[in-house]
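In order, the protein sequence lines correspond to chains A and B.
The opening position of the first sequence corresponds to residue 1 in the numbering used here, with each subsequent residue numbered one higher.
The opening position of the second sequence corresponds to residue 1 in the numbering used here, with each subsequent residue numbered one higher.
In case anyone wonders, no lab produced these hints; they're calculated from the structure.
One or more hints might be untrue.
Below are the DSSO-like pairs computed for lysine-lysine, each with C-alpha atoms no more than 27 angstroms apart in a straight line [as the list claims (entries may be wrong)]: (1) B/Lys335 - A/Lys185; (2) B/Lys89 - B/Lys243; (3) A/Lys243 - A/Lys361; (4) A/Lys243 - A/Lys196; (5) B/Lys289 - A/Lys196; (6) A/Lys243 - B/Lys89; (7) B/Lys250 - A/Lys289.
Chain by chain, the residues:
There are 2 protein chains.
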Amino acid sequence: MNSRRDFLQKLAPLMALPLLPKTLEACNAFNTSNYDGRVLRVAIMGLGSYGTRVADAMRACTKAKLVGVISGTPSKIKDWQVKFNIPQKNCYNYENFDSIKNNPDIDAVYIITPNALHQNQAIRIANAGKHVICEKPMAINANEGVEMIAACAKSKVKLLVGYRMHFEPKTLEIIRMRKAGEFGKILFFQSLSGFKIGDPTQWRLNKQLSGGGSMMDIGIYAINGSRYMIDEEPVWVTAQETKTDYERFKEGIDETIQFQLGFPGGAVASCLSTYNMNNLDRFFLNGEKGFAELQPATGYGPIKGRTHKGELSQPHVTHQTMQMEEMAGIILENKQPVIPVDGDEALKDLKVIDAIYLAIKTGNKVDLKL
Amino acid sequence: MNSRRDFLQKLAPLMALPLLPKTLEACNAFNTSNYDGRVLRVAIMGLGSYGTRVADAMRACTKAKLVGVISGTPSKIKDWQVKFNIPQKNCYNYENFDSIKNNPDIDAVYIITPNALHQNQAIRIANAGKHVICEKPMAINANEGVEMIAACAKSKVKLLVGYRMHFEPKTLEIIRMRKAGEFGKILFFQSLSGFKIGDPTQWRLNKQLSGGGSMMDIGIYAINGSRYMIDEEPVWVTAQETKTDYERFKEGIDETIQFQLGFPGGAVASCLSTYNMNNLDRFFLNGEKGFAELQPATGYGPIKGRTHKGELSQPHVTHQTMQMEEMAGIILENKQPVIPVDGDEALKDLKVIDAIYLAIKTGNKVDLKL
Chain A
1 MNSRRDFLQK
11 LAPLMALPLL
21 PKTLEACNAF
31 NTSNYDGRVL
41 RVAIMGLGSY
51 GTRVADAMRA
61 CTKAKLVGVI
71 SGTPSKIKDW
81 QVKFNIPQKN
91 CYNYENFDSI
101 KNNPDIDAVY
111 IITPNALHQN
121 QAIRIANAGK
131 HVICEKPMAI
141 NANEGVEMIA
151 ACAKSKVKLL
161 VGYRMHFEPK
171 TLEIIRMRKA
181 GEFGKILFFQ
191 SLSGFKIGDP
201 TQWRLNKQLS
211 GGGSMMDIGI
221 YAINGSRYMI
231 DEEPVWVTAQ
241 ETKTDYERFK
251 EGIDETIQFQ
261 LGFPGGAVAS
271 CLSTYNMNNL
281 DRFFLNGEKG
291 FAELQPATGY
301 GPIKGRTHKG
311 ELSQPHVTHQ
321 TMQMEEMAGI
331 ILENKQPVIP
341 VDGDEALKDL
351 KVIDAIYLAI
361 KTGNKVDLKL
Chain B
1 MNSRRDFLQK
11 LAPLMALPLL
21 PKTLEACNAF
31 NTSNYDGRVL
41 RVAIMGLGSY
51 GTRVADAMRA
61 CTKAKLVGVI
71 SGTPSKIKDW
81 QVKFNIPQKN
91 CYNYENFDSI
101 KNNPDIDAVY
111 IITPNALHQN
121 QAIRIANAGK
131 HVICEKPMAI
141 NANEGVEMIA
151 ACAKSKVKLL
161 VGYRMHFEPK
171 TLEIIRMRKA
181 GEFGKILFFQ
191 SLSGFKIGDP
201 TQWRLNKQLS
211 GGGSMMDIGI
221 YAINGSRYMI
231 DEEPVWVTAQ
241 ETKTDYERFK
251 EGIDETIQFQ
261 LGFPGGAVAS
271 CLSTYNMNNL
281 DRFFLNGEKG
291 FAELQPATGY
301 GPIKGRTHKG
311 ELSQPHVTHQ
321 TMQMEEMAGI
331 ILENKQPVIP
341 VDGDEALKDL
351 KVIDAIYLAI
361 KTGNKVDLKL
């Protein structure tokens with residue numbers, strides 16, 4: 001495992017070569033585990049609190065390694081260089097990061113910036129020939145998502161979206177049970193998703209950066225959860241917005257939205273997305289033969305869950321560690337996750353978000369074609 | 001306590017005399033407890049399964065006593081006479097029950113018949129000068145409810161509706177906590193109400209008798225619960241119906257309805273009413289400072305509940321025993337329940353049901369004026 005050629009020969013049967021970026025390399029000098037396979041070398045773009053969480057979690061990864069940063073704040077870059085042992089040659093700012101194209105030591109960029117910046121940044125990364133991992137929401141509307149998917153396809157790089165729950169063990173156990181028919185025909189899903197948002201000056205409450213309010217940030221868990229829990233694509237949506245604080249939640253920033261989804265098999269989903277209350281975070285899946293509940297369902301953990309058969313006992317994992325480990329497998333080995341995390345998957349959520357905003361604007365039920 | 005006069009003299013300061021029916025008597029020969037106060041002597045109209053449940057539960061009542069029956073089935077009357085020691089003179093059928101007017105040994109009639117029959121039966125009972133206790137829904141629409149209220153007012157009899165949860169200890173503890181401000185400003189309520197209905201030939205699935213589907217039967221718990229948990233009257237409603245089984249749930253019989261209520265203080269309620277799934281029956285009240293959950297919330301018990309302060313430990317009571325005991329207090333002593341159970345209270349639920357059906361028919365949000 002000492003050369004690109006050796007590596008590619010060994011892995012060739014397992015992967016789809018056209019999707020590998022030109023700069024992909026097998027090994028990473030920083031990786032100290034016993035693992036001697038390929039390592040995905042990742043740069044993080046956006047060094048905020050969630051970026052820090054991902055970086056810390058990646059310390060426990062075997063297949064993924066933080067090797068670079070992209071930030072507009074030189075002092076943050078310096079701090080991260082020290083904390084994560086990042087060489088100067090792997091540090092970029094928002095003006096010069098297109099030159100990452102010429103850096104053979106970075107395979108992928110994880111974009112963890114405000115939502116409204118994702119599209120442009122992702123396209124630039126794709127054009128630089130690097131795999132794109134983008135935090136959710138992938139973009140602020142479906143049109144942007146389509147453009148991102150096209151750019152990544154054109155550059156033959158992968159586009160993955162940070163759906164960390166897709167790798168969470170209790171979530172996956174429920175999916176396994178559903179596939180095994182243990183809940184019978186699925187009839188209902190519910191997600192209560194939200195929290196009381198703090199600092200009123202944060203970018204999440206600035207439409208120019210966030211593209212929307214709670215729906216973009218936390219409501220998307222309800223949309224996405226409805227889809228992977230029921231395992232169908234919704235065919236209609238209705239939605240109702242309420243706002244109690246017009247100062248904090250300005251025009252275009254939704255505070256609370258209830259929405260309902262209808263599925264082809266007759267199941268319905270009832271969802272709440274909010275920035276104005278805590279004590280939520282519950283998934284509930286109901287079928288003819290049984291049910292599953294996750295509460296908390298999507299927090300950083302530990303997730304708690306039960307079904308009609310009893311408590312779920314799968315161990316807690318750090319979601320971001322698991323996500324990055326699995327995404328490395330997807331990119332390097334063409335591994336197929338149980339629940340997709342690619343651009344097509346994320347685009348469906350954006351289409352539902354678009355439809356929810358339209359349903360609120362018009363007051364009408366909106367048909368969906370995902 | 002041997003004469004009507006002695007009794008009235010003793011109780012006069014406690015009660016509103018104009019509301020007492022002429023036939024009210026203080027004691028009941030069948031009452032064997034140490035209680036020596038007044039007893040409400042009740043006839044049950046409709047000897048089905050729920051009527052039987054109420055009758056059995058009334059055995060444990062001190063202030064209320066089953067003394068009569070009204071039924072269209074002579075064999076049922078005979079069975080009940082034996083089981084509950086009911087004299088022949090207190091037995092009626094649906095043709096002759098207006099003559100209950102001349103029976104001084106019956107104070108009130110509890111109507112436990114199919115929904116669509118309530119209005120006519122309640123008015124006849126009111127015209128006979130007897131107090132009316134009516135199972136929920138009080139009627140199948142608000143217009144009928146208005147007529148029932150008017151008839152009872154005209155005859156100066158009370159009209160109470162079988163909202164048994166209004167007397168349930170864990171429910172009342174949550175109400176107490178809310179009034180004490182322990183949840184802070186109320187932001188959200190949710191009710192998941194429903195069950196998979198059995199026998200397709202039952203009256204509940206016959207529009208002529210039921211007046212509607214799951215909404216009439218179980219969705220009303222969600223409406224009513226929203227109102228007493230939030231302690232405001234909703235100002236708008238939106239609703240979405242879905243149907244998967246057109247054979248079982250014929251025209252006018254709703255299978256599943258999701259509905260949302262908006263309240264003046266900004267709180268919202270998210271509710272589900274269904275006849276097509278089990279594993280539901282959850283109330284969730286969320287405020288700025290804490291939350292309460294009941295699950296099961298409205299079944300016959302035991303109810304289970306918790307709040308942000310921990311599990312609720314109030315003892316289980318047989319709901320129907322408690323209800324009848326408290327209703328005797330309301331009728332005999334003009335006792336004021338924590339949550340009203342009168343016709344005005346029930347009318348508000350009927351107005352919401354009317355609005356939900358209108359919202360489904362039109363696809364529009366419907367304003368409410370309760």
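To see whether the hints hold, each was checked on the structure:
1. Proposed proximity of B/Lys335 and A/Lys185 is contradicted: the alpha carbons are some 48 angstroms apart, above 27 angstroms.
2. The hinted pair formed by B/Lys89 and B/Lys243 fails the criterion: a straight-line CA distance of about 48 angstroms is larger than 27 angstroms.
3. With a C-alpha separation of about 14 angstroms, the suggested pairing of A/Lys243 with A/Lys361 holds against the 27 angstroms cut-off.
4. Proximity of A/Lys243 to A/Lys196 is assessed by CA-CA distance (about 13 angstroms); at most 27 angstroms being required, the pair is judged to hold.
5. Of the pairs offered as hints, the one joining B/Lys289 and A/Lys196 holds, with about 11 angstroms between alpha carbons and a cut-off of 27 angstroms not exceeded.
6. A distance of roughly 61 angstroms separates the Cα atoms of A/Lys243 and B/Lys89; the hinted pair therefore is violated under the 27 angstroms criterion.
7. Straight-line distance between C-alpha atoms of B/Lys250 and A/Lys289 comes to about 24 angstroms, which keeps the hinted pair within the 27 angstroms bound.
Checked against the numbered hints above, the structure breaks hints 1, 2, 6 and satisfies the rest.
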